[in-house]
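Asks: Here's the letter readout for the chains.
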Amino acid sequence: MTIVCAGLFAAAPILIALAPPERDMGLVQKIFYFHTPAAWMFLTAGVVCGIASVRYLARGAPQQDRLAWAAAELLVLFGAIALVTGPLWARKTWGVWWQWDVRLTSSLLGWMIGVAYLLVRRYAGPGSDKLAAGLALFGMANVPFIYISVNYWRTIHPPTTVVPRLPLSFGIPFYVSALAFLLLFVLLLRARVHLEEQRARLDSLYLSVDH
Amino acid sequence: MRGFVATLLAVSCSAVALAGQRSPALPPSPPASLPELAPRPLETELRQRIDPATLQSQAPSANQPPQDEFSEPLSELPPEERMPAAPMVVAAYIFVLLAFFAYVFSLSRRLSAVKQDMARLETEIKGSRRP
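Heads up: the sequence lines are chains F and Z, in that order.
Just so you know, the first sequence maps onto residues 1 to 211 in this note's numbering.
Just so you know, the second sequence maps onto residues 1001 to 1131 in this note's numbering.
Calculated directly from the structure, the hints in this document are not laboratory data.
The reader is advised that the hints may include incorrect statements.
[What the hints assert, rightly or not] To give a feel for the contact side, a few chain F residues facing chain Z, derived at Cβ under 7 Å:
1. L77
2. L88
3. W98
4. L187
5. R190
6. L205
7. L207
[Said to hold, decoys possible] Cross-link-like lysine to any residue pairs, in silico, SDA-like; alpha carbons within 25 Å at most:
8. F:K130 - F:Q198
9. Z:K1115 - F:L168
10. Z:K1115 - F:P13
11. F:K130 - F:I14
12. Z:K1115 - F:M1
13. Z:K1126 - F:V209
14. Z:K1115 - Z:F1105
15. Z:K1115 - F:L202
Remember, it's a predicted structure, so these values are computed and weren't measured experimentally.
We treat Cβ as the ideally placed atom computed from N, Cα and C, and that holds for glycine.
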C-alpha cells in the first residue's frame, strides 16, 4: 500500500501538470486536484472519528478510542489543507480570500471541533477521553451539513455536482489524486493508531514496574 | 434581475404610450415637411434596454455562480490589476507538501520517543529481575 501510495503521489503532479487549464479559471483551477481530495479526507476523518467515538462510548473499547484520536488528528491535518488551499484558489477566482457562506463557515466549524477534540485530549486530564468522544459526535453531525450545504443554500462555492460531471481530461488526474489522498489517509491512520498502541503498551509497562 | 427588466419594460411601454397620446390642449402636430426632432436621450436609453439583443446580452448565464454582490469579471480587469495564478498554485502545493512532511516527521518523532522509553523500561525490568 505504501508503494502504491508513493507511486500515485509521484504520478499525480505530472497528471495535474498535463491536465488542460479550465476555460474560465485557468491555471488556478489546478488547486482543485488537491483541495477537493483533502476536503473529502477531512470529512471522512470526521465520520471515522465520530463512529469510533460512538462505539467507544457504547462499549468502552480502548481500540475505538485510539482510532477516534488518530482520526481527529487527521481531521485537523486534512482540514487545514482544505482551509488553506481553498482561500488561495478563491482569492484568484472570487476576488476574496474568504466568504462567510454556509460551506466555508461549517467547514471551519468542523475543523475547530477537531482542534477542540485534540485540546481536550491533551489538557482536560482524567476523563478527557469521554468528553472528547462527546465532542466528536458534534463533529460527525456537522459532516453531512458541510457536504450538502452547497446544494441547499445559495452560495458562492461550487455545488457537489461538479465532480461527477468532470470531463475525462480533468477526471483522470482528479481521481488519481483522490486515490493517493485516500491511501495516504489510511496509512497515516494506521501509523497513528500504532503510536497509540505503543503508548498503551508503555503505560502497561510502567504499571508493571510500579507494582 | 427579471423583476427589474419587467419593471423597466412596463415603465418604457407606458412612456412610449404616453408619448404617443395627444393632449387636446396641445397644438396640432407639426406638418410632415418639418425636420424630425432627434430622439431624447431617455427614450434612446429605454429603446436600447428593451431591445431583445441587449436584454439577451445582459441576462446572467446559467453557469455563472450566484453572487451576493456585483463584482467585475476577472477577464475584464485591467492587466495591472490581474493577479497571477502561478504563485497561488505553487503556494497551495508547497503548503500541502509541508503539512504532510511536518505531520509524518512529528509522528515518527513521537513513535521513536515511545520506542526509546519502552526499550529503556524493558532494560530496567530485566535488570531488576536479575539476582
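Asks: For each hint, tell me whether it holds in the structure or not.
Replies: Outcome of the hint check:
no., hint, in the structure
1, L77, "holds (5 Å)"
2, L88, "holds (5 Å)"
3, W98, "violated (14 Å)"
4, L187, "violated (10 Å)"
5, R190, "violated (11 Å)"
6, L205, "holds (5 Å)"
7, L207, "violated (11 Å)"
8, F:K130 - F:Q198, "holds (21 Å)"
9, Z:K1115 - F:L168, "violated (47 Å)"
10, Z:K1115 - F:P13, "violated (35 Å)"
11, F:K130 - F:I14, "violated (45 Å)"
12, Z:K1115 - F:M1, "holds (24 Å)"
13, Z:K1126 - F:V209, "holds (11 Å)"
14, Z:K1115 - Z:F1105, "holds (15 Å)"
15, Z:K1115 - F:L202, "holds (8 Å)"
Hint violations for this structure: numbers 3, 4, 5, 7, 9, 10 and 11, all remaining hints satisfied.
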